[in-house]
Amino acid sequence: MHQLLNHCLIQISMAKKCEMKLLGSVGSPFVTRVKFALKLKSIDYEYIQEDLANKSELLLTSNPGLQKVPVLFHANKQPMSESLIIIEYLDEILPDVHPILPSNPSDRAQSRFLAYYIDTLYCPWMKEFMLTRESERKEELKRLIIEGSMMLEEAFVKLSKGKAFFGGDEIGFLDIVVGCFLGWIKFFGIIFGFNVIDETRNPRLAQWGKSLWSHEATRSVIPSDEIHMNFFKMLLGFLPPMPDMPIPA
Amino acid sequence: MADEVKLYGFRGSPYGCRVEIALNLKGIEYEFIQEDLSDKSADLIKYNPVHKKIPVLMHNGKPISESLVVVEYIDDVWKGVPILPRDAHEKARARFWAKFIDDKCIPAVFKALGSHGQEQAVAEAQEQLQFLENELKGNKFFGGDNINLVDISATYLAYWLGGAEEAIGIKVLTKDKFPKLTEWCENFVNCQTVKDTLIPREILVAFYKKRFGKA
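If you read the sequences in order, they're chains S and L. So the first sequence is numbered by this note's numbering: it starts at 5 and just counts up by one. So the second sequence is numbered by this note's numbering: it starts at 38 and just counts up by one.
Same shape as in the complex, but just chain S:
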């Protein structure tokens, strides 16, 4: 136990000595995911605010093909982008400090599969629902989103094995991946009047949401309600993009 503690302390101190910087924008759940992982791993880093309406030289040169945040800079290594890839990287450089990915290969595969589903289907459906004006398509998307929630409920039951989080007793990969959208999900419900995660339909997921939201680590990284609301309004075109949004404490 003493050896493991020493090993962790050495890993943390190595990470602190190597410069870590995160390029992000306020309100982006993808950036919040990385902040969450950095927090869990106790990694000090410098946060650089990006104005997506007026992309910086740093963003354009560090992520030329995609021009998206988050981008992670670690010492003199080539910059890394894509939130899921960055989280796996952080987990690999500090494997003994709050492990994030499950240790079992088939649980790991299942987690990656669901993360991929969230990013390539589930979230785009939610975004399309917000932006489309065709009522038939809206109904179809609502059906897909609800079906998706049922699937996530089943996945949660299976992966949590009766514990509070997807990761079991501790916050893990899917808790971060899905959890950083809980703010969006809440405002989705307020603005569009239907609950993506519903207490009757998805009781375990609803309980999970409450546990995660009240966790000390989550509270320090999730943006405020006001920032979420502003981000939604911007997406819906009510406001122009706001480069000077305050960075959340």
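These are computed hints drawn from the structure, not numbers from a lab. No residue lacks a Cβ here, since even glycine has one placed at the ideal position from N, Cα and C. Keep in mind that the hints are not guaranteed to be accurate.
[Unchecked claim] Pair ranges (Cβ atoms, derived):
id, chain 1, residue 1, chain 2, residue 2, range
1, S, 107, L, 69, 28 to 38 Å
2, L, 171, S, 207, 48 to 58 Å
3, S, 110, L, 152, 40 to 50 Å
4, S, 205, L, 99, 20 to 30 Å
5, S, 110, L, 119, 16 to 26 Å
6, S, 150, L, 82, 56 to 66 Å
7, S, 203, L, 251, 52 to 62 Å
8, L, 157, S, 12, 49 to 59 Å
9, L, 148, S, 55, 26 to 36 Å
10, L, 140, S, 103, 21 to 31 Å
11, L, 154, S, 223, 50 to 60 Å
12, L, 216, S, 51, 35 to 45 Å
13, L, 49, S, 55, 24 to 34 Å
Please build the complex by placing chain L on the supplied structure of chain S, with the hints as guidance.
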């Protein structure tokens, strides 16, 4: 106890091919179950209820789907020839390029093919291919001397793209614009672990001729 490995796939699918290449690299014996995609089996729907798509790998009764997730799973479980780099940063880079191929490159290429070579669509596809051309950096493969996750992700570009180009009568991955990628295609399809997974070119071209209305 011997591992029981089954692959639900479709001969001619580049995504199924990715998994077969990974299994071949590790020397894993497996049973291939051919799916009729117009009449999917109850098993496939049970094992991949979310997408109902191939490939699905069954390992000792546990299903895993999404081709790149399966490839990473294979690398996790079976030692031997590594598919992902061991260094964390190199691994992140490999995953990035694999995702770039799936998210940006292949969709742009599909659009160019679907438009039967419309100028703007071809230009956009070539813009994405240029990133890959640059990333090869004079190496035989994206993995250096041996194929890795990135090479496997780009399977479609190495073989299927050429078949579609021939069927339609256009060229997107041209030798003059992409000399390194062109050479990579040749090297990749000639790897023993890849060769055995490919359907004959005439069948591929015939399929695409029908698909793009050129038959």
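| said: Run through the hints listed earlier and report the numbers of any the structure violates, in increasing order. | reply: Those not satisfied are hints 6, 13.
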